[in-house]
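Start from the sequences, fold in the hints, and give me the full structure.
These protein sequence lines map, in sequence, to chains F and E.
Per our numbering, the first sequence runs over residues 18 to 221.
Per our numbering, the second sequence runs over residues 18 to 221.
In short, the hints are calculated from the structure, not lab data.
It is possible that part of the hints are untrue.
Treat identical chains as interchangeable: a pair holds within one or across any two.
Said to hold, decoys possible - Distance condition first, Cα-Cα at most 25 Å in a straight line; then the derived DMTMM-like pairs of lysine to aspartate or glutamate:
1. K35 x D111
2. K100 x D84
3. K35 x E45
4. K61 x E45
5. K61 x D99
Quick caveat, the model's predicted, so the values are computed rather than measured.
There are 2 protein chains.
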Amino acid sequence: MSQLLPQALLTAIDEIGKLPGVGARTAERYAYYLLRANQSSNEKLARAITALGSGVSYCPKTFALVDADQEISPLYTDPSRDKTLVAVVEEPLDIIALERTGQFRGTYHVLGGAISPIDGIGPEQLHIPELLNRIAEDTVEELIIATNSSVEGESTALFLQRQIEEQGISIKMSRLARGLPVGVDLEYADQITLSHALEGRRIL
Amino acid sequence: MSQLLPQALLTAIDEIGKLPGVGARTAERYAYYLLRANQSSNEKLARAITALGSGVSYCPKTFALVDADQEISPLYTDPSRDKTLVAVVEEPLDIIALERTGQFRGTYHVLGGAISPIDGIGPEQLHIPELLNRIAEDTVEELIIATNSSVEGESTALFLQRQIEEQGISIKMSRLARGLPVGVDLEYADQITLSHALEGRRIL
Numbered sequence: 018m019s020q021l022l023p024q025a026l027l028t029a030i031d032e033i034g035k036l037p038g039v040g041a042r043t044a045e046r047y048a049y050y051l052l053r054a055n056q057s058s059n060e061k062l063a064r065a066i067t068a069l070g071s072g073v074s075y076c077p078k079t080f081a082l083v084d085a086d087q088e089i090s091p092l093y094t095d096p097s098r099d100k101t102l103v104a105v106v107e108e109p110l111d112i113i114a115l116e117r118t119g120q121f122r123g124t125y126h127v128l129g130g131a132i133s134p135i136d137g138i139g140p141e142q143l144h145i146p147e148l149l150n151r152i153a154e155d156t157v158e159e160l161i162i163a164t165n166s167s168v169e170g171e172s173t174a175l176f177l178q179r180q181i182e183e184q185g186i187s188i189k190m191s192r193l194a195r196g197l198p199v200g201v202d203l204e205y206a207d208q209i210t211l212s213h214a215l216e217g218r219r220i221l
Numbered sequence: 018m019s020q021l022l023p024q025a026l027l028t029a030i031d032e033i034g035k036l037p038g039v040g041a042r043t044a045e046r047y048a049y050y051l052l053r054a055n056q057s058s059n060e061k062l063a064r065a066i067t068a069l070g071s072g073v074s075y076c077p078k079t080f081a082l083v084d085a086d087q088e089i090s091p092l093y094t095d096p097s098r099d100k101t102l103v104a105v106v107e108e109p110l111d112i113i114a115l116e117r118t119g120q121f122r123g124t125y126h127v128l129g130g131a132i133s134p135i136d137g138i139g140p141e142q143l144h145i146p147e148l149l150n151r152i153a154e155d156t157v158e159e160l161i162i163a164t165n166s167s168v169e170g171e172s173t174a175l176f177l178q179r180q181i182e183e184q185g186i187s188i189k190m191s192r193l194a195r196g197l198p199v200g201v202d203l204e205y206a207d208q209i210t211l212s213h214a215l216e217g218r219r220i221l
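Structure follows, in structure tokens:
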């Protein structure tokens, strides 16, 4: 079978196909869309992609994403935010999800992942020492361990809890509630979620 | 709410979100992936996107996509392909789908869309005159009208059939068979598909 598509399109399909969760068909669709889009909008996209590396850095305090010319995250420096209440998350984008609730007025700490022996990620690769420093410096009173409810997230939460207890740090620690998500019927809920919902039931 | 993400990341999310079918969450996921990817692979992606415009052109005969320095599509110039058998498709990528079957040894003609009054696409925007030219030039014997089985695809097929008949061109015309796709249970097939499957049943 001879080459069916122009090389420039094949290269674009190939490069786009490296994005997470993008299969061959989706990559073709995106590339074909870009092929028909105007050149200036494609150049804007290309510039945005190349500018990512130099335009973004990590806050050395919270490890949230910040502009490259910024030092500390505004989510930390904002005086209206409670530094004694810290939500510990796996990834920087988890902050966005929590901020969207509009319910949290504390600060954040990004671990930079979760403990996952299969992926070769051990606790020493996470920003745990920096968290322990913050607990002391900011006299943190409560830690909301908001790692995912996956196996890795749970292990990380447990590891963190033990680490803090072993160091003799006395602090309130909590996990996000688990139960039925809004809009899901009882009959369609999985067994584990339903067990958590039963266990965490609230007296009316 | 202050700006939660670095400007460079927001710009990338915004630009990526213009791709077809990419919502805010997906755009965030792609941008965050690119943020952590290495700079050289991002530059390759950016170059591939900007090179699309100048690297690809349309074959003036079949309207398939070709390299910018190529004149006529190799799918047309290849002497082993039967020029008297033409598959008429809506979009260039439809050719790939048909080629993947390995069953077709004719040539292609890309209409460049389908008749869709809602989207303001009339027959005058499709490559129909060029098709009529090819029918005469290449003494085409059979036309497989392989437009989609959507309302627009069906209207386009019907329009094409009438146009050719009105011009007094005597030629064999066919449509791709419609029926049950492989792997779909009878009980899950929709009514229209099942009607087509009944209508087009084959005697054993």
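Worksheet item: Are there hints from earlier that the structure breaks, and if so, what are their numbers?
Response: Violated: hint 5 alone.
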